[in-house]
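Asker: Single-letter residue listing:
Number of protein chains: 4
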Amino acid sequence: MSLGIAVVGAGYWGPNLVRNFRSSDEWDLVAVCDLDEARARKVIGSRSSIEIETSLERLLSRDDIDAVAIATPARTHSTIALAALDAGKHVVVEKPLADRHADAARMVERAKERELVLMTDHTYCYTSAVVRIGELIADGVLGDVLFIDSVRINLGLVQPDVDVFWDLAPHDLSILDHVLPGGLRPQSVAAHGADPLGTGKAYLGYLTMPLPGGAIAHVHVNWLSPTKIRQMVIGGSRRTLVWDDLNPQQRLAVYDRGVDVEADRVAAAISYRLGDMYAPALPEREALASVAAEFAAAITEKRPPRTDGHSGLRVLDVLEASSRSLAAGGAFVELESLERV
Amino acid sequence: MSLGIAVVGAGYWGPNLVRNFRSSDEWDLVAVCDLDEARARKVIGSRSSIEIETSLERLLSRDDIDAVAIATPARTHSTIALAALDAGKHVVVEKPLADRHADAARMVERAKERELVLMTDHTYCYTSAVVRIGELIADGVLGDVLFIDSVRINLGLVQPDVDVFWDLAPHDLSILDHVLPGGLRPQSVAAHGADPLGTGKAYLGYLTMPLPGGAIAHVHVNWLSPTKIRQMVIGGSRRTLVWDDLNPQQRLAVYDRGVDVEADRVAAAISYRLGDMYAPALPEREALASVAAEFAAAITEKRPPRTDGHSGLRVLDVLEASSRSLAAGGAFVELESLERV
Amino acid sequence: MSLGIAVVGAGYWGPNLVRNFRSSDEWDLVAVCDLDEARARKVIGSRSSIEIETSLERLLSRDDIDAVAIATPARTHSTIALAALDAGKHVVVEKPLADRHADAARMVERAKERELVLMTDHTYCYTSAVVRIGELIADGVLGDVLFIDSVRINLGLVQPDVDVFWDLAPHDLSILDHVLPGGLRPQSVAAHGADPLGTGKAYLGYLTMPLPGGAIAHVHVNWLSPTKIRQMVIGGSRRTLVWDDLNPQQRLAVYDRGVDVEADRVAAAISYRLGDMYAPALPEREALASVAAEFAAAITEKRPPRTDGHSGLRVLDVLEASSRSLAAGGAFVELESLERV
Amino acid sequence: MSLGIAVVGAGYWGPNLVRNFRSSDEWDLVAVCDLDEARARKVIGSRSSIEIETSLERLLSRDDIDAVAIATPARTHSTIALAALDAGKHVVVEKPLADRHADAARMVERAKERELVLMTDHTYCYTSAVVRIGELIADGVLGDVLFIDSVRINLGLVQPDVDVFWDLAPHDLSILDHVLPGGLRPQSVAAHGADPLGTGKAYLGYLTMPLPGGAIAHVHVNWLSPTKIRQMVIGGSRRTLVWDDLNPQQRLAVYDRGVDVEADRVAAAISYRLGDMYAPALPEREALASVAAEFAAAITEKRPPRTDGHSGLRVLDVLEASSRSLAAGGAFVELESLERV
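Protein chains in written order, with our numbering: chain A, 1 to 341; chain B, 1 to 341; chain C, 1 to 341; chain D, 1 to 341.
Please keep in mind that the hints were generated in silico from the structure rather than gathered at the bench.
This structure is a prediction, so every number in the text was calculated from the model and none was measured.
Just so you know, even glycine gets a beta-carbon here, dropped at the ideal spot from N, CA and C.
Treat the hints with caution; some may be incorrect.
Away from chain B, derived, C-beta distances all over 10 Å, residues of chain C [unchecked claim]:
(1) Arg257
(2) Leu274
(3) Gly275
(4) Met277
(5) Glu320
Under 8 Å between C-beta atoms, here's a sample of chain A residues computed to sit facing chain B [stated by the list, open to error]:
(6) Asp149
(7) Leu204
(8) Gly214
(9) Ile216
(10) His220
(11) Pro226
(12) Gly235
(13) Arg238
(14) Val261
(15) Ile270
(16) Tyr272
Cut-off 20 Å, straight-line C-alpha distance, at most; resulting in silico cross-link-like pairs (SDA-like, lysine to any residue) [claimed, not checked]:
(17) A:Lys228 with C:Tyr278
(18) C:Lys201 with D:Ile299
(19) B:Lys228 with A:Asp276
(20) B:Lys201 with A:Asp276
(21) D:Lys201 with C:Tyr278
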């Protein structure tokens, strides 16, 4: 018995959702909803009995739909999601969960009240690389995390109403939220941005986040660079991991190298490990297929999904703090407590 | 007619200077000076008539020495250099020029008074890659510089009395000083460092430097990462350059790609260029050999060398401001004017 | 007005054909035909009105089908294709065109008699990389072709009834057929294979093909190597091209380097060019989508497709000669004339 | 107590020998011998008491020389080496040992009669990569060797009197001789060459060598390609090794992947291993320094060096057979027994 789902939004990300829910065994893709009927029709193609809906209200009143997947602009997420939850539908939302923390918090509360699943589509967290990174940290293979450096640069699809932080950093932040024990909970964040084309918003920038114990996380996002780089280095007290997402033949490399410093000792007590590297074999599976499967499993098993609304909230919290830091000339901004929710 | 030179300091960098001055046509390596005679002897090897001096005073009193190359710890640079200048010797100093801006300024003044050449050994500026980058910017191939992102990470030789900024960033800063039109003159600098091993100093960190016109330069230095990365991206309004110093078969790549934004227009006026890349052929020559040649040419032609004392001063200025920013919790620190010198 | 097509064979390659014909504007995917109805149904998915046929006879008798795409085992190609041509359907066949040259020749003749399009699905020839290589050679950018070295190695899906040459070399040979002026017409071929696992057939091997004018083409195919390599070097008298198909960020590199030898002169007349490299920007499009478009265009414009039956025949000719060389212990085997057809 | 050595030949390779014997603790570089006195003087530089000799006879009559290192053209090796051996000097010879097998055999015999060390300077065999490869095979980590594929291509220094096989293949063959258990003893060899510039000799070519048990070794040497490739894949029954000598950060990679075939079973009994990869850490040391050390150790310990005259002979045997195969149009040529020596 498969669950009925509708995809709302047939723009940039919607077709990917359509393709994956369509080929999923757990799901029956019942309808695609978009104000632009022709766009929706193009996505489902000919010789298909998937239905087109141009009215959200009509869509949500259907009985054959258990859940909706929302892939509309971020500023519309909360309105659509709240309506869906109120109609008794489970909801998965494209990142970011909303464009304001307060709206997202309402979504989380509503889902809790209605006892429905609210999932953030943090797609990267379902790649085999990120899953493995999470395991390597949880299993102590890397030791304590000393630093995380994440670079995500490529010629960007400049978007009208968001800057580069809101467009790209949700990827890095959601990954950190997934792999760091306890989730992404930096004490503060500083954002340095640049607008060299004079457009009124940052086209490239850097986030610095001190972590407990002297560790640090740093994110470089960039819409202007002609080459794609998607690389993350996670330095640990025991081993260091390099993730190069654009090298499909060797995405992860774990280096048994590092610097050992004996506490309470002089400089001479520094020693170096120069051991081997190993690159774990990773299964190739489309991450969105795992998103679809996890969404179905969370509903069936009546449990929160791996990337639930709270993870979406933590990411939003950092994004909002980053915007405040940017407005304050790059000063560190404390993060507001997430405990309110 | 070759010039006589002595190398002072037979430690880490001294042997490289010895090797290059020894094989230079313009120079006659007369002596190596070190307090540790055995170490000096090991550097010059057997069957050699290069002399060993253990007294700086005796060395500087020799008539067959026109110049000295200083490769001692940074805190000793100014004392040795001032003595050499006072003895009428031209001086080239390993980076950084001194460990304090004020000392370096004295060196620059003294050299000016004595009409002697004072050169900073910014070795990277003599690689064929950096020379070519300087030409590409000067010739307008890249257009206006929009951003510079420099990464220099590898398992570091942790040094007892300096942090990672003072150890590694002089390379990046001297390169920026060489390739930016007008030299390295950021308005301010913010430094974020991390000391995850609890040693009392930064083992990795980031420098952010706003440049005129909304551009930005950013430097990542790191002693903890197991893989070597030495990469710089220079984004320009016309083309973008990627320098990967560890890829000898393709060190420089110039991409005819970018984002064009028409001023005073709406978002729809953004367009993308997705053109070809070209990788210029670069001659292979050891950079230090060019340092030796430039030092001789500056003396002979009675002109400042390409990396003179002022470039050393500009680099020191940023390093000192970085230390102040670090002490101030990462706040932006204005740079003091270099015009005093 | 779109053309009706059916895909025959829902095994390994069939689903790719289904996906591309389904999303093509020129085509209407009417039916999928397979003896295994469940397998066919899985390929088209639910909520689809694409029809399933388990009888080839019934399929070919339909009026709403203009063409068939055949993705069955090679030994069945000619029987199915001849039946389809006799039923008045245009035909595109997965490589190799057939498992015997004589059968393929019959297919070519029958298509000619019936004035129907017969196309070989040499998918690689529709990648933007191969299209550009063909242009670079045709436009004289590379000069005369001096040598071609092609390597195609990766852990293979060992197939029960073919050796590594018949499985992998059709890719290389069809690419050579496309990019070489006049098509692939080697004078002879030598095949060296190895069967180190003792299975009774070659798991890796090498083809050597002397080309007119002293040039040479060489192909390395390998089922046993754990890393994927798909690389081709085409050395020309003016420039040399390197195609690394697994480097999506720089698939093609054209080097302005080479050796110039002045004829009728002594050895001293050799000179070297060490110029720049450039990497052309390539559009990203799925090659099979272009196969579908070219098949439709050939039918509509009543012309042969770019990879017609004759190109399939030339590839088969080399494969059969390779098998004869292998049986003869690696001796060079002359190619039989293709002119018979 | 160090041994006295002289380097004979100050051309292409001589300066490398001079540099390494000069800085070796085991050796005292007494003299450099070349007919061209100025060239020899340039190699040793100024302020050196290393002596210049222009007469081989005078050099060999000196008492302070225990050994000579020969880096002259290959056709002069045997004459010089025999004279040195007759004068009681130990001898190390640049590859190839001689230009004819018969001459090299005389050298081996003479050294044996005089009880002197004769070493072939197979430099690659002293790199940490090749040493490790030898250990991995000897320790059974790779299992049985199934295939070896070696590629050595780059824009060559075309030499007047040898073809590409004699210039480049000695590297590959000497490596195979070192890593294969029992040394390089192929049953036969086929050579395919191409002369696309019409110079009268091969500029690129391929060697195929069947090995016992159905295994195969294949070597691609090429003077015409603009990019450097130095790569060797060694497929084993347990693991497969990839050596990329131009990737200093990851020269060796050992893949726990492969194809397992159960003997006497049907095709369905094929299974695949898709395990991790590991890249062993390798010490960085100049290989020629190890050549110098091994030469000294062999003399002191009165034992054959790791790359003795016999290894030089085995390499020559294959080179001569390759030339015969080339002359015979690429037919397999049996190797003459090495047991005669």
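Asker: Now tell me, hint by hint, if it's right for this structure.
Answerer: Each hint tested on the structure:
Distance check on arginine 257 (chain C): its Cβ comes as close as 8 Å (rounded) to a Cβ of chain B, failing to clear the 10 Å threshold; non-interface status is violated. Against chain B, the non-interface label of leucine 274 (chain C) is violated: not every CB pair exceeds 10 Å, the least being about 5 Å. Annotated as non-interface, glycine 275 (chain C) brings its C-beta within 10 Å of a C-beta of chain B; the closest such distance is 6 Å. Against the 10 Å criterion, methionine 277 (chain C) falls within the reach of chain B, whose nearest CB is about 4 Å from its own CB.
At roughly 40 Å from the closest C-beta of chain B, the C-beta of glutamate 320 (chain C) stays outside 10 Å, upholding its exclusion from the interface. With a cut of 8 Å, the hint placing aspartate 149 (chain A) at the interface with chain B holds, because the nearest CB-to-CB distance is about 7 Å. Hint status for leucine 204 (chain A): holds, given a least beta-carbon distance of 6 Å to chain B, under 8 Å. For the restraint placing glycine 214 (chain A) at the interface with chain B, the shortest Cβ-Cβ distance is roughly 5 Å, inside the 8 Å limit, so the hint holds.
Evaluation of the isoleucine 216 (chain A) hint against chain B yields a held restraint, the C-beta minimum of about 4 Å falling below 8 Å. A least Cβ separation of about 7 Å between histidine 220 (chain A) and chain B falls short of the 8 Å threshold, and the interface hint therefore holds. Annotation: interface hint on proline 226 (chain A) holds; nearest CB of chain B at approximately 4 Å, less than 8 Å. The restraint placing glycine 235 (chain A) at the interface with chain B holds, with a minimum CB-CB distance near 5 Å, inside the 8 Å limit.
A cut of 8 Å between beta carbons decides the hint on arginine 238 (chain A): the least distance to chain B is about 12 Å, and the hint is violated. A hinted interface residue such as valine 261 (chain A) counts as satisfied when its beta carbon comes closer than 8 Å to some beta carbon of chain B; here the least separation is about 5 Å, so the hint holds. A least Cβ separation of about 5 Å between isoleucine 270 (chain A) and chain B falls short of the 8 Å threshold, and the interface hint therefore holds. Interface hint at tyrosine 272 (chain A): satisfied, since its Cβ lies 6 Å from the closest Cβ of chain B, which is below the 8 Å cut-off.
Using a Cα cut-off of 20 Å, the hinted pair lysine 228 (chain A) and tyrosine 278 (chain C) holds, with the two alpha carbons roughly 18 Å apart. Our distance criterion of 20 Å between C-alpha atoms is broken by lysine 201 (chain C) and isoleucine 299 (chain D), whose separation comes to about 50 Å. Pair hint lysine 228 (chain B) plus aspartate 276 (chain A) holds up; C-alpha atoms about 15 Å apart against a cutoff of 20 Å. With a C-alpha separation of about 28 Å, the suggested pairing of lysine 201 (chain B) with aspartate 276 (chain A) is violated against the 20 Å cut-off.
Simply put, lysine 201 (chain D) and tyrosine 278 (chain C) have alpha-carbon atoms about 31 Å apart, too far for the 20 Å limit, and the pair is violated.
Comparing the model with each earlier hint shows violations of hints 1, 2, 3, 4, 13, 18, 20, 21; every other hint is respected.
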